[in-house]
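Okay, here's what each chain looks like letter by letter:
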Amino acid sequence: MASNVAPVLDFEYKFGFSMPEKNVFKSKKGISEEIVSMISDMKQEPAWMKEFRLKSYRIFREKKMPEWGADLSKIDFENIFYFIRSTETQASSWEDLPSEIKDTYDKIGVPEAEKNFLAGVSAQYESEVVYESVNKELEKQGVIFCDMDTGLREHPEIVKKYFGTLIPPHDNKFAALNSAVWSGGSFVYVPKGVKVTLPLQAYFRINAERFGQFERTLIIAEEGSYVHYIEGCTAPIYTTQSLHSAVVEIFVKKGARVRYTTVQNWSKNIYNLVTKRAKAEEDAVMEWVDCNLGSGVTMKYPSVYLTGRGARGEVLSIAFAGKDQHQDAGAKMLHLAPNTSSRIVSKSISKDGGRTSYRGLIVVHPGAKNSSVYVSCDALILDEKSRSDTYPYMKIKESDTEIQHEATVEKLGEEKLFYLTSRGISKADAEGLLVNGFIEPITKEIPLEYSVELNRLINLEMIGSVG
Amino acid sequence: MNNSKTFLNLNLLKQKKFNFNKPGKYIVFFHNLSGELIFNINAKGVDLDIYGLYTGKDQDKFIVKTQQRHVAPSARSNLLIKGVFDDTSSFHYEGLIKIEKKAQQSHAYQKNQNIILADGVFIRSEPFLEILANEVFCTHGSTTGKLNEDQIFFLQSRGLKKTDARKILLKGFLDEIYHKLMDEKIQIIKPKYD
Numbered sequence: 001m002a003s004n005v006a007p008v009l010d011f012e013y014k015f016g017f018s019m020p021e022k023n024v025f026k027s028k029k030g031i032s033e034e035i036v037s038m039i040s041d042m043k044q045e046p047a048w049m050k051e052f053r054l055k056s057y058r059i060f061r062e063k064k065m066p067e068w069g070a071d072l073s074k075i076d077f078e079n080i081f082y083f084i085r086s087t088e089t090q091a092s093s094w095e096d097l098p099s100e101i102k103d104t105y106d107k108i109g110v111p112e113a114e115k116n117f118l119a120g121v122s123a124q125y126e127s128e129v130v131y132e133s134v135n136k137e138l139e140k141q142g143v144i145f146c147d148m149d150t151g152l153r154e155h156p157e158i159v160k161k162y163f164g165t166l167i168p169p170h171d172n173k174f175a176a177l178n179s180a181v182w183s184g185g186s187f188v189y190v191p192k193g194v195k196v197t198l199p200l201q202a203y204f205r206i207n208a209e210r211f212g213q214f215e216r217t218l219i220i221a222e223e224g225s226y227v228h229y230i231e232g233c234t235a236p237i238y239t240t241q242s243l244h245s246a247v248v249e250i251f252v253k254k255g256a257r258v259r260y261t262t263v264q265n266w267s268k269n270i271y272n273l274v275t276k277r278a279k280a281e282e283d284a285v286m287e288w289v290d291c292n293l294g295s296g297v298t299m300k301y302p303s304v305y306l307t308g309r310g311a312r313g314e315v316l317s318i319a320f321a322g323k324d325q326h327q328d329a330g331a332k333m334l335h336l337a338p339n340t341s342s343r344i345v346s347k348s349i350s351k352d353g354g355r356t357s358y359r360g361l362i363v364v365h366p367g368a369k370n371s372s373v374y375v376s377c378d379a380l381i382l383d384e385k386s387r388s389d390t391y392p393y394m395k396i397k398e399s400d401t402e403i404q405h406e407a408t409v410e411k412l413g414e415e416k417l418f419y420l421t422s423r424g425i426s427k428a429d430a431e432g433l434l435v436n437g438f439i440e441p442i443t444k445e446i447p448l449e450y451s452v453e454l455n456r457l458i459n460l461e462m463i464g465s466v467g
Numbered sequence: 001m002n003n004s005k006t007f008l009n010l011n012l013l014k015q016k017k018f019n020f021n022k023p024g025k026y027i028v029f030f031h032n033l034s035g036e037l038i039f040n041i042n043a044k045g046v047d048l049d050i051y052g053l054y055t056g057k058d059q060d061k062f063i064v065k066t067q068q069r070h071v072a073p074s075a076r077s078n079l080l081i082k083g084v085f086d087d088t089s090s091f092h093y094e095g096l097i098k099i100e101k102k103a104q105q106s107h108a109y110q111k112n113q114n115i116i117l118a119d120g121v122f123i124r125s126e127p128f129l130e131i132l133a134n135e136v137f138c139t140h141g142s143t144t145g146k147l148n149e150d151q152i153f154f155l156q157s158r159g160l161k162k163t164d165a166r167k168i169l170l171k172g173f174l175d176e177i178y179h180k181l182m183d184e185k186i187q188i189i190k191p192k193y194d
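Chains Z and X, in that order, give the protein sequences.
The opening position of the first sequence corresponds to residue 1 in my numbering, with each subsequent residue numbered one higher.
The opening position of the second sequence corresponds to residue 1 in my numbering, with each subsequent residue numbered one higher.
Among the clues, some could well be false.
As the list claims (entries may be wrong) - Okay, derived cross-link-like pairs now, EDC-like style, lysine to aspartate or glutamate, Cα gap no bigger than 16 angstroms in a straight line:
1. K55/Z - D171/Z
2. K397/Z - E126/X
3. K411/Z - E130/X
4. K61/X - E94/X
5. K146/X - E402/Z
6. K98/X - E126/X
Claimed, not checked - Far from chain X, some chain Z residues (derived; all Cβ distances over 10 angstroms):
7. K63
8. D71
9. G193
10. S267
11. R387
12. S422
Stated by the list, open to error - Going by beta-carbon spacing under 8 angstroms, a handful of chain X positions derived as facing chain Z:
13. G141
14. S142
15. T144
16. Q156
17. G159
18. K161
No wet-lab data here; the hints were simulated from the structure.
All values derive from a computational prediction rather than experimental measurement.
Glycine included, each C-beta is placed from N, C-alpha and C at the ideal position.
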């Protein structure tokens, strides 16, 4: 334990190492139709995908930058590498990985996670998934869990049916960019009635300077199935800006349940601009657990389209903003059918001049009878340099509904701090304890017992640095 | 503390921007008012209550923005906007609490409660917070929905007709603001609502 003079809640970045680059292929900087075609050609993709990429590229060129939210003016699209292939072929076992990559993963603890009987580890190092192990049990059940490129190659009929249908390229500029240059990400297909008991896990990491990572994830949960997908991110620190712009589409069929957990811990030079959307059909349940600890700028609003009767959507979100960070995160719930319900719980902490913004959208369409919405946003501001905003938007066009929204912004309770210090706990420890208590309703939803990395990230960032 | 009490009825004042430069108790009331209402709290010790009432029917359309801007420290503002909407009326409310950097020890509250009576109603509620100081306590809440079925059922079980039960519940919902004004010994002409 550190002494009492240790800075309170010093969320110093612990994964800021970078390995020498040893890439097999790196595209030219910038984006053009040639680059987009080249990515598609190198991956030997079917014609429809190449067409889709080129169409998306044109949409990307036409679309304007969003005029709301965080400051994105420093992104220079021409100064980014859009495709890097780090190893020629994918490694099937840990030993086959190049030593630098192994070293990087060792530091963030992927092998330990494996030992804990993870259902599958799929780690993205730069553009493509280089390491992947799928539990045999899963294969027997007919569950498909692979990287998106493999998914497209081996299951083109499923991919074509769903890809880009929930988040079309013209959704927003960054969705268009991702659609044009996407590479890697996960493809998950859970057959009817199959319950995947252990969480599926993918680990993302950016290693090349000025390299934008554009992973694309597609999850399909057939009727009555269940899957929990975990994504965690850490990245080394670099001096130039880097862009991470993912697209995640999730289809939750009748009576199915999907939980998607993210622990985002990019280094502070990363723009994290992600579009995540799920469609929940009749009696389906979609849950997003979204923890944003890192990155310089995050704009991310996981959404659920509640299209089926009785569907339920949930977003649990933690945002932490330290020095030079702006977390503009939130959630969207669209109620399109009767008896639908949703719940959003957001907890944010700002410190050292950081800024957290909750931005949410609730839409209740006519006909979404007997629907209910509950939104709760709590923010802690730890010092006078920091800032917290709340921007909820509610649009209600149905009378038979119940909408509740509440938000509070405050500092750490003086009385609680005084009580703890009167019991001999140092002020730093007491503050850490209170912050941990503040976010606990959400951290307890993350299955730490399954994931050493998540455990480490949360502990290092939240507890380790305090005590 | 200053014992002065000022009542501002915005329906009579025709003024939409207010600067509170002296400490004291201020009470603001308005009914069915559209537009941008700005309340700048420029002095320590300002204690401001803002009550807004909306009763929409037919094709009424209200677009309201409020801003509680705390510039000075150690002040309090409390906003309550209640609305009942029938037929194809619409209500677009955007409320902002802004606490500037120097406005430490601010207490700011904002509440918007809406009842929808008909399917053609459209409500947009956007309660925003922008907090740049840390020693503050700010909350906002927004609820929108229909009349509580359980409460109607209870009244029916006591022998009331459903229409009467609804009337009583609506009256209770809207009268909250009159009661608050009455507590401050302020009389206003109560707008009719049936």
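Going through the hints against the structure:
Among the hinted pairs, K55/Z with D171/Z is consistent with the structure: their alpha-carbon atoms are about 13 angstroms apart, no more than 16 angstroms. Only pairs whose Cα atoms come within 16 angstroms are accepted, and K397/Z paired with E126/X is accepted, the gap being roughly 15 angstroms. Of the supplied pair hints, the one linking K411/Z and E130/X holds, its CA atoms being roughly 15 angstroms apart against a limit of 16 angstroms. With a C-alpha separation of about 14 angstroms, the suggested pairing of K61/X with E94/X holds against the 16 angstroms cut-off.
Taking the CA atoms of K146/X and E402/Z, the gap is near 7 angstroms; set against the 16 angstroms cutoff, the hint holds. For the hint pairing K98/X with E126/X, the CA-to-CA distance comes to about 14 angstroms; that is within 16 angstroms, so the pair holds. With a cut of 10 angstroms on Cβ distances, K63/Z stays outside the contact zone with chain X, its closest approach being about 25 angstroms. Residue-level check passed: D71/Z sits 15 angstroms from the nearest beta carbon of chain X, beyond 10 angstroms.
Non-interface call for G193/Z relative to chain X: holds, since the shortest CB-CB distance, roughly 36 angstroms, exceeds 10 angstroms. With 10 angstroms as the threshold on Cβ separation, the claim that S267/Z sits away from chain X holds: the shortest Cβ distance comes to roughly 26 angstroms. Consistency note on R387/Z: stated as away from chain X, yet its beta-carbon is not over 10 angstroms from all of that chain's, at 5 angstroms minimum. At the 10 angstroms boundary, the C-beta of S422/Z stays outside the reach of chain X, the nearest C-beta of that chain being 21 angstroms off.
The criterion of a C-beta within 8 angstroms of any C-beta in chain Z is met by G141/X, whose closest approach is roughly 4 angstroms, and the hint holds. Checking S142/X against chain Z by beta carbon gives a least distance of about 4 angstroms; that is within 8 angstroms, so the hint holds. The interface hint given for T144/X holds, since its Cβ lies 4 angstroms from the closest Cβ of chain Z, which is under the 8 angstroms cut-off. Of the supplied interface hints, the one on Q156/X is violated, with its beta-carbon coming no nearer than about 18 angstroms to a beta-carbon of chain Z, more than 8 angstroms.
Taking 8 angstroms as the C-beta cut-off, the interface hint given for G159/X is violated, the closest approach to chain Z being about 26 angstroms. For K161/X, the interface hint is violated, since its Cβ never comes within 8 angstroms of a Cβ in chain Z; the closest pair sits about 20 angstroms apart.
Figure legend: structure checked against the earlier numbered hints; hints not met, in rising order: 11, 16, 17, 18.
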